[in-house]
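Protein chains in written order, with this note's numbering: chain G, -13 to 242; chain U, -13 to 242; chain F, 11 to 282; chain S, 11 to 282.
One or more of the hints may lead you astray.
Cut-off 27 Å, straight-line C-alpha distance, at most; resulting in silico cross-link-like pairs (DSS-like, lysine-lysine) [stated by the list, open to error]: (1) S:Lys13 to U:Lys45; (2) G:Lys45 to G:Lys237; (3) U:Lys110 to U:Lys238; (4) F:Lys13 to G:Lys45; (5) S:Lys149 to F:Lys149.
Restraint-style ranges between C-beta atoms, simulated for each label pair [to be verified]: (6) U:Thr185 to F:Val159: 22 to 32 Å; (7) U:Gly8 to S:Pro216: 52 to 62 Å; (8) F:Asp252 to G:Arg165: 44 to 54 Å; (9) F:Gln273 to U:Arg154: 45 to 55 Å; (10) S:Glu158 to F:Asp55: 25 to 35 Å; (11) F:Val159 to S:Pro216: 34 to 44 Å; (12) S:Val248 to F:Asp212: 40 to 50 Å; (13) U:Thr185 to F:Thr146: 34 to 44 Å; (14) S:Thr146 to G:Lys110: 22 to 32 Å.
In short, the hints are calculated from the structure, not lab data.
For every residue, glycine included, the Cβ atom is placed at its ideal position computed from N, Cα and C.
What follows is each chain in one-letter form.
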Amino acid sequence: MSREYTSDEMMTVAAARQLRDGSACFVGIGLPSTAANLARATHAPNLVLIYESGCLGAKPDRLPLSIGDGILADTADAVVSVPEVFNYWLQPGRIDVGFLGAAQLDRYGNINTTVIGGDYDDPKVRLPGAGGAPEIAASCGEVVVVVRQSLRTFIDRVDFVTSVGYGRGPGDRERLGLRGGGPRVVITDLGVLKPDPDTCELTLTRLHPGVTVEQARAATGWDLAVAGDLAAVDPPTEHELAVLRALEATKKVAAQ
Amino acid sequence: MSREYTSDEMMTVAAARQLRDGSACFVGIGLPSTAANLARATHAPNLVLIYESGCLGAKPDRLPLSIGDGILADTADAVVSVPEVFNYWLQPGRIDVGFLGAAQLDRYGNINTTVIGGDYDDPKVRLPGAGGAPEIAASCGEVVVVVRQSLRTFIDRVDFVTSVGYGRGPGDRERLGLRGGGPRVVITDLGVLKPDPDTCELTLTRLHPGVTVEQARAATGWDLAVAGDLAAVDPPTEHELAVLRALEATKKVAAQ
Amino acid sequence: MAKLVSLAEGVADLVRDGDVVALEGFTHLIPFAAGHEIIRQGRQDLTLVRMTPDVIYDQLIGMGCARRLVFSWGGNPGVGSLHRFRDAVQNSWPVPLELEEHSHAGMANRYVAGASGLPFAVLRGYTGTDLPRHTTNIKTITCPFTGEVLTAVPALRPDVTVVHAQRADRAGNVQMWGITGVQKEAVLAAHRSLVTVEEIVDELEPVPGQVVLPSWAVTAVAAVPAGSHPSYAQGYSVRDNDFYVRWDAISRDRDTFREWMEQHVLKAEVQA
Amino acid sequence: MAKLVSLAEGVADLVRDGDVVALEGFTHLIPFAAGHEIIRQGRQDLTLVRMTPDVIYDQLIGMGCARRLVFSWGGNPGVGSLHRFRDAVQNSWPVPLELEEHSHAGMANRYVAGASGLPFAVLRGYTGTDLPRHTTNIKTITCPFTGEVLTAVPALRPDVTVVHAQRADRAGNVQMWGITGVQKEAVLAAHRSLVTVEEIVDELEPVPGQVVLPSWAVTAVAAVPAGSHPSYAQGYSVRDNDFYVRWDAISRDRDTFREWMEQHVLKAEVQA
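Put together the whole structure using the sequences plus the hints.
Here it is in structure tokens:
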């Protein structure tokens, strides 16, 4: 098994490491689902995976092809209706971690998955929209965002606020009455960002091996703050890589 | 099989005859449940029995011992939660007939099952209370009331309005925004009463065999109006009596 | 994750004097054994919440555990009145009992709001009845889109909810089926929950009509075989209807009642 | 009682030009065959409602059946964007498409309100986002008990809801299991409903996790084996993931799309 790995693999492994064993995680499809299943297959065997399709405690032995893959229902502790998963499980704050992606992310961790450019009625790019994200971002105990870092995605202010991070800064979540803690950490293909405790601004706290601060700054659409004690992320272990690649392989098989 | 029968048997048979085949009936326990099951076992084999315990389309082959008897769940088309039976099934007006009893009934068909005498905080008699009745009386297409007729039960004005009939008279249901039609008929051990189309006042329209208008008046706490075309109720047929007594027998067996 | 405990431990840890306590179970799966343990441990000053207070609440009320009752129908199902409940309301024996009275639809929606993390629920209910005159917990609310006036009731958030279910696994996942009433909502609405079960099994075989409460949504689980007697647990026991009938005579007289409770509850072996 | 009909009859009777139409199914049991029949019958001016408009709505939109879309997430799940949806929004091709956009929680609660006969639903949602700026169907509401401000959304009441289920019996009782999403609410919220099923059986054997819609709550049932392809029907078929991937290329170009629809939908045998 080679220790060579891609930046996406590093990002997925770093995201998986954010999930504590035994916590309940509301999982979006794509990268978040891959990372959550990697966590469950490595350091967090008791991670409770919750999918918006109504599957509580799903234990897939392969990567689901969609958030409604039959394997999620087959392996769940309970399958509930979609209204129930949002009303009885997400809304009251029962879910510890919300795991989200983004098309655009701004310096206060606000997420846009709706429209880019132009205006809402005549956008340059029409994106899929909100899905479960606004209420996941509002009600989960904390939010982990996984997104590739570039000038297209990391912008000073999102074109459309689909899901609220820290709004325009300190105190905004409280003013809005959002009961969850908001984005605790953002994992990218370059490193790790965390909100500054005073300003709520996303600050670079760690870099993936071989990545420089300059690269991170060049991929950020605002004047990126960097933590004094900037540390390096541990590269993927052989075990993490092996499990991740085995999971990705199951996806290809299942898709045939 | 003797054609002798009790006034309760006459009342139950007359009540059963009010239920049209194929209609959906929200069934309270006691007399309404007996009458509804008699109807299903005689002229209305496709009567859909709905119990507030969440059993939709129950088909018990014996009388249930309670509205939550296991035989209701075992034979139902669907068993749903108690919130669902009230919110998704009763509230939108999906149920054709609500079948209710009463401790007190007044000239406008209002029902009291809460307190009798004294005042609410210091009543002479404390009754079980509302249960599902207020919303059954409000939302079912129509209501059939089954109650023994006496000066204790048939009073000019109920001590407490637990479930609304016609309120204080014409137009009150509309004013209150109640979407169901209200009491269409009241079946007693003496005869049948229906609301006057103009005044909404319960009017004697039929007498059971052998019962006189004087008896009915003497058992009514208001000046009872009597229909011009006062007809006699057909006595129970041998078949009706045989099925009713067989049903009652199953209850005794099940209770052992 | 739910802790596996004994009934005595569960009640001692989770049910406290002065608590708002909901014991739910809609004629099926009524947690009688847990109610008896609450009586044995001498809890007092409780606000008892239940859609259908029946024999178990008659016993809790008659033993003086309750200060207040929030309910929608109080009777001995299929038999008649609850004499201890009536005695408390009409004669304040053994202690006065405050009532807060609702309809089933209102109570069910109050649990739904509690389970949903909302402060209130909206329904078409109570309109034209005398119920709203006797509590501040029934109000009107106007639809912001149509202007229609509907009814609002506040969320129920019990300190502790107690229910009985058929089974749990060793991880504390709970499985119930048959008539499951409002139990899921009552458990999710509560700050703490205790579930007694007929048995604890290695694997929860899926059952048609099942409701599963994941372990992480439950505080504690106690194995109490026949814990719903004289109610029933579908697949395990049938309703002891004869007891419900006999309760009428037992409960009519204060002394007969006390004596029966002495013999059958207070002196009963505490379940392991 | 539900009528047993052919798919063509069901769509002809129940889906009309200008209707508000909801096709639901949350990645599982998506009623593709019914959507194709709506296209074959040339319905126009529809307001399409769906939490997750995916390939079937991309096809309806690309064929010009829709005037308006009410939704919360529009994409090709696990693959990417919906090109016909984007082309309609960005370039009004083949006809302009109005959008009314919500979150999943908002849409689910709108169906719940519709199924419950209420004019609106209350939730904790949308707060702080830009979504309320673009529709009048998201408002605030104040709790009459606590004064807390929450969000209200109006009930969804489709003229017709179409869903796919595993089975129905000859009386028209419908049974589905696995991920059942918001289908029960969508059917109960609608004025009319059409359910396509994999098969019609004599007896509906109870299945764990089943949702049963009684015949009297459904307007019509049509047997359409594989009626959810390329989606899946748990217990009957698996997801044709390859098709979802291929759809990206098919739908990117207007001509390729039209040609594919000609071949595979317009000229397809109408299901019996």
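Against the structure, the hints:
1. Among the hinted pairs, S:Lys13 with U:Lys45 is consistent with the structure: their alpha-carbon atoms are about 22 Å apart, no more than 27 Å.
2. Taking the CA atoms of G:Lys45 and G:Lys237, the gap is near 15 Å; set against the 27 Å cutoff, the hint holds.
3. Restraint check for U:Lys110 and U:Lys238: the C-alpha separation of about 33 Å exceeds 27 Å, so the hint is violated.
4. Taking the CA atoms of F:Lys13 and G:Lys45, the gap is about 22 Å. The hint holds against a cut of 27 Å.
5. At roughly 20 Å between alpha-carbon atoms, S:Lys149 and F:Lys149 fall within 27 Å of each other, so this suggested pair holds.
6. A hinted range of 22 to 32 Å holds for the C-beta pair U:Thr185 and F:Val159, which are about 27 Å apart.
7. Here the CB-CB span from U:Gly8 to S:Pro216 is close to 24 Å, at odds with the stated 52 to 62 Å.
8. Distance hint check for F:Asp252 and G:Arg165: the Cβ-Cβ separation is about 50 Å, which falls inside the suggested range of 44 to 54 Å.
9. Judged by the Cβ atoms, the range 45 to 55 Å given for F:Gln273 and U:Arg154 holds: they are separated by roughly 52 Å.
10. Roughly 29 Å separates the CB atoms of S:Glu158 and F:Asp55, a value that falls within the hinted 25 to 35 Å.
11. For the pair F:Val159 and S:Pro216, the supplied restraint of 34 to 44 Å holds, since their beta-carbon distance comes to about 42 Å.
12. Between S:Val248 and F:Asp212 the CB atoms are about 30 Å apart, so this pair departs from the stated range of 40 to 50 Å.
13. About 36 Å separates the C-beta atoms of U:Thr185 and F:Thr146, a value consistent with the hinted range of 34 to 44 Å.
14. In this structure, S:Thr146 and G:Lys110 meet the distance hint of 22 to 32 Å, their C-beta atoms being roughly 26 Å apart.
Of the numbered hints given earlier, the model fails hints 3, 7, 12; all others are met.
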